[in-house]
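Residues per chain are reported as follows:
4 protein chains.
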Amino acid sequence: MVLLSSFSYQQKKRIVFFGDSITQAGVQPTGYITKLGQLLNEKKIGDKYELIGAGISGNKVYDLYLRMEDDVLSKKPDAVVIWVGVNDVWHKRTSGTGTDADKFEKFYNAIIKKLKENNIAVLICTPAAIGEKTDFTNELDGDLNKYAAIIRSIAKNNNCPLIDLRQAVLNYNLANNKENKESGILTTDRVHLNEKGNQFVAEEMYKVLSQSVMK
Amino acid sequence: MVLLSSFSYQQKKRIVFFGDSITQAGVQPTGYITKLGQLLNEKKIGDKYELIGAGISGNKVYDLYLRMEDDVLSKKPDAVVIWVGVNDVWHKRTSGTGTDADKFEKFYNAIIKKLKENNIAVLICTPAAIGEKTDFTNELDGDLNKYAAIIRSIAKNNNCPLIDLRQAVLNYNLANNKENKESGILTTDRVHLNEKGNQFVAEEMYKVLSQSVMK
Amino acid sequence: MVLLSSFSYQQKKRIVFFGDSITQAGVQPTGYITKLGQLLNEKKIGDKYELIGAGISGNKVYDLYLRMEDDVLSKKPDAVVIWVGVNDVWHKRTSGTGTDADKFEKFYNAIIKKLKENNIAVLICTPAAIGEKTDFTNELDGDLNKYAAIIRSIAKNNNCPLIDLRQAVLNYNLANNKENKESGILTTDRVHLNEKGNQFVAEEMYKVLSQSVMK
Amino acid sequence: MVLLSSFSYQQKKRIVFFGDSITQAGVQPTGYITKLGQLLNEKKIGDKYELIGAGISGNKVYDLYLRMEDDVLSKKPDAVVIWVGVNDVWHKRTSGTGTDADKFEKFYNAIIKKLKENNIAVLICTPAAIGEKTDFTNELDGDLNKYAAIIRSIAKNNNCPLIDLRQAVLNYNLANNKENKESGILTTDRVHLNEKGNQFVAEEMYKVLSQSVMK
Chain A
0 MVLLSSFSYQ QKKRIVFFGD SITQAGVQPT GYITKLGQLL NEKKIGDKYE
50 LIGAGISGNK VYDLYLRMED DVLSKKPDAV VIWVGVNDVW HKRTSGTGTD
100 ADKFEKFYNA IIKKLKENNI AVLICTPAAI GEKTDFTNEL DGDLNKYAAI
150 IRSIAKNNNC PLIDLRQAVL NYNLANNKEN KESGILTTDR VHLNEKGNQF
200 VAEEMYKVLS QSVMK
Chain B
0 MVLLSSFSYQ QKKRIVFFGD SITQAGVQPT GYITKLGQLL NEKKIGDKYE
50 LIGAGISGNK VYDLYLRMED DVLSKKPDAV VIWVGVNDVW HKRTSGTGTD
100 ADKFEKFYNA IIKKLKENNI AVLICTPAAI GEKTDFTNEL DGDLNKYAAI
150 IRSIAKNNNC PLIDLRQAVL NYNLANNKEN KESGILTTDR VHLNEKGNQF
200 VAEEMYKVLS QSVMK
Chain C
0 MVLLSSFSYQ QKKRIVFFGD SITQAGVQPT GYITKLGQLL NEKKIGDKYE
50 LIGAGISGNK VYDLYLRMED DVLSKKPDAV VIWVGVNDVW HKRTSGTGTD
100 ADKFEKFYNA IIKKLKENNI AVLICTPAAI GEKTDFTNEL DGDLNKYAAI
150 IRSIAKNNNC PLIDLRQAVL NYNLANNKEN KESGILTTDR VHLNEKGNQF
200 VAEEMYKVLS QSVMK
Chain D
0 MVLLSSFSYQ QKKRIVFFGD SITQAGVQPT GYITKLGQLL NEKKIGDKYE
50 LIGAGISGNK VYDLYLRMED DVLSKKPDAV VIWVGVNDVW HKRTSGTGTD
100 ADKFEKFYNA IIKKLKENNI AVLICTPAAI GEKTDFTNEL DGDLNKYAAI
150 IRSIAKNNNC PLIDLRQAVL NYNLANNKEN KESGILTTDR VHLNEKGNQF
200 VAEEMYKVLS QSVMK
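Chain order of the listed sequences is A, B, C and D.
Per numbering that gives the first Met the number 0, the first sequence starts with residue 0, numbered consecutively.
Per numbering that gives the first Met the number 0, the second sequence starts with residue 0, numbered consecutively.
Per numbering that gives the first Met the number 0, the third sequence starts with residue 0, numbered consecutively.
Per numbering that gives the first Met the number 0, the fourth sequence starts with residue 0, numbered consecutively.
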């Protein structure tokens with residue numbers, strides 16, 4: 000029985016969610032990681048997966064790179080979901096320390112390379128939003144779209160399942176934000192998810208996870 | 000004869016084009032102001048209008064405000080075509096000295112108010128482009144769209160004919176930039192007009208001028 | 000008696016303090032304008048002057064320009080103390096909308112010109128601080144010094160009494176901030192004055208006012 | 000003879016200069032690396048050292064990190080002179096992609112750690128200048144001083160010989176730039192070295208190299 004239990008424990012797939020403040024909030028009671036766990040329970044597969052949040056506020060791609068040993072590899076995960084990019088764009092405006100597009104790509108690839116060398120499955124997300132307006136006047140949309148396009152290309156080149164939150168959120172807003180609000184649909188403040196947004200992201204992630212590491 | 004000549008001279012409507020480096024280049028041999036003059040000659044109405052370029056490289060809305068006495072009012076024009084906004088957005092990124100959206104609107108309105116007080120007809124343009132890519136990844140498109148939206152609202156509130164170059168260039172690129180190039184369609188460098196672009200702008204301006212000050 | 004009262008009222012010199020959030024806070028119970036009023040009372044000359052705060056948070060030089068009619072000229076002051084510049088430098092970093100040095104000078108001169116045309120005495124201040132460290136590592140010190148130098152030159156060219164708060168605060172910090180703290184000496188947060196700072200500014204202003212408009 | 004030659008070749012200490020555009024230009028005929036080689040020849044020790052330039056224009060600390068395998072470790076150097084920091088500060092203003100101070104320190108330490116693990120001696124330089132004015136109005140001096148201070152602390156914590164170019168250039172300018180010029184003393188354009196500047200840096204580097212890896 001002890002062996003069995005131990006065996007059963009070993010069977011739990013460990014998934015680390017690696018990201019910024021959105022992911023840091025993801026482990027809160029209404030956060031997207033918590034909600035994904037609930038979704039897995041509803042599907043009666045909750046006991047098969049251990050979901051671990053590894054989000055730190057303000058993180059850009061090279062912050063993830065710098066702490067991947069401590070916060071990801073040391074946890075020996077089976078899979079990692081990377082969700083980063085908002086601060087790489089946003090900090091250009093707010094502190095002059097955003098990330099150059101070409102360096103963004105290099106560090107992103109370096110993270111994936113190191114995870115794959117450790118036999119960890121890698122799923123990657125596009126950044127969801129900096130502003131929810133639907134008339135194309137969110138100030139940073141062009142740059143955010145540029146970095147989302149880079150991530151899509153990285154996913155393709157590395158055969159990583161893509162969770163295209165950018166596209167999903169754009170589509171959702173086009174359908175549901177008829178009043179062209181800058182926040183309040185899926186976010187509280189243009190960037191961070193409200194409860195509806197957390198549920199939405201949990202579901203989008205499940206769609207892709209269920210076709211890859213949860214298959 | 001002298002009187003006649005003088006009389007004829009008085010009849011010429013004087014139109015000042017007030018703007019930035021795009022307008023500064025507009026008086027060059029292949030510039031949009033030169034091309035508009037040629038267009039008026041083709042229409043046999045070239046002798047009715049005097050077209051004056053008043054563009055200075057790097058100008059933002061408050062630069063126009065600061066030099067309107069010297070460069071516009073002193074010329075006693077019948078009409079002024081204002082075309083500004085690219086640098087108000089662009090300089091946020093390149094030098095940290097772009098223009099806040101609310102101040103942009105205030106100075107724009109202050110310019111229009113002063114021109115109208117001098118019985119000068121005012122036509123206003125939206126900024127054309129910072130990048131010609133059609134997949135929504137031009138870095139500054141969101142902010143440029145925001146300022147274009149402000150200008151459309153200013154035009155409406157002040158009953159100024161609007162030359163919506165932003166919309167016209169977007170439409171043209173969607174139809175003619177299938178390869179998603181960042182420049183080379185209507186611009187040389189994402190911002191400044193190539194010869195095709197100058198012709199395009201001259202025609203767009205004529206469409207609106209012919210319905211207003213040239214009617 | 001009514002006439003006498005009215006006459007007495009007319010005798011009060013009205014001084015407007017025209018600036019940003021530091022001046023907005025200046026009318027608070029421990030603010031520098033309040034403290035200057037108390038200082039005048041101690042000197043038994045408080046009833047000779049009416050001190051009016053006209054500070055708005057986030058203001059840059061062109062914000063002052065845009066609201067000088069409403070907030071200064073309409074009050075028919077005898078003298079105006081202009082204190083602006085911190086946001087013109089700071090906003091370059093925090094929002095990409097600081098003020099170009101040459102435009103800063105042009106708007107500053109335009110404000111002075113209009114005040115002088117209305118026979119209003121003008122005193123001008125250099126910006127005090129963005130950070131109080133004394134080892135020359137306050138991030139924006141170079142640029143702040145540049146704008147302070149521009150203001151000193153404007154004062155000289157326009158024969159305006161100069162209240163050199165930048166120099167005074169630097170000197171004070173060199174003597175009193177031996178631990179190289181970034182705030183807490185004269186400011187609460189590197190920019191806004193603590194009570195000691197408000198007292199310090201009130202005294203610095205009095206030194207110059209007592210030699211000019213209060214002489 | 001072949002063996003002797005080969006043996007002699009093996010004896011040459013290989014020193015890599017690892018940096019940005021200043022170092023990229025350092026291998027030019029009048030560049031600082033070339034001049035340092037000439038200095039070593041004058042001292043009759045030129046045949047003991049092989050000097051290798053590894054500078055790339057626009058590089059920030061994390062660019063060095065990303066290419067250290069290819070451009071430094073693969074060359075199996077005995078010593079590396081790291082000179083970086085100007086772009087980490089400058090790009091905050093020019094492109095919104097400077098480096099956060101804390102990340103600058105982390106990547107710098109990561110580079111040193113990896114070099115030391117490979118038994119490579121590490122010497123580090125402070126960034127020289129962004130502007131040569133001596134009245135404390137070089138726009139980015141505060142931030143540059145801050146990063147120089149970080150580098151001094153890194154040198155101390157890692158027991159790396161420090162080539163304090165920032166201090167040396169400041170001292171030189173205070174003595175030799177009485178007219179407060181923004182460039183033309185040791186730089187051509189506020190940042191890149193003129194011939195005098197290249198000579199100056201070669202000598203400053205020799206002072207420290209001769210006390211450490213060349214001792």
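Take the hints with a grain of salt, since some may be wrong.
The list makes no distinction among identical chains, and a pair is therefore deemed to hold if it is satisfied within one copy or across any two copies.
Said to hold, decoys possible - Straight-line alpha carbon distances no greater than 30 Å define the calculated DSS-like cross-link-like pairs of lysine-lysine that follow: (1) K102 to K180; (2) K177 to K74; (3) K177 to K102; (4) K155 to K177; (5) K112 to K42; (6) K74 to K155; (7) K155 to K12; (8) K12 to K75.
Simulated from the structure, these hints should not be mistaken for lab results.
If you're wondering where the values come from, they're calculated on a predicted model, not measured in any experiment.
Taking the hints in turn, this is what the structure says about them:
1. K102 to K180: between (33 Å within a copy, 22 Å between copies)
2. K177 to K74: neither (43 Å within a copy, 45 Å between copies)
3. K177 to K102: between (37 Å within a copy, 28 Å between copies)
4. K155 to K177: between (33 Å within a copy, 22 Å between copies)
5. K112 to K42: So K112 and K42 fail the 30 Å test inside a copy (32 Å) and across (47 Å) alike.
6. K74 to K155: Cα proximity of K74 and K155: one copy only (26 Å, versus 33 Å across).
7. K155 to K12: Answer is within: at 24 Å inside a copy they meet the 30 Å cutoff, but 45 Å across does not.
8. K12 to K75: within (10 Å within a copy, 42 Å between copies)
Checked against the numbered hints above, the structure breaks hints 2, 5 and satisfies the rest.
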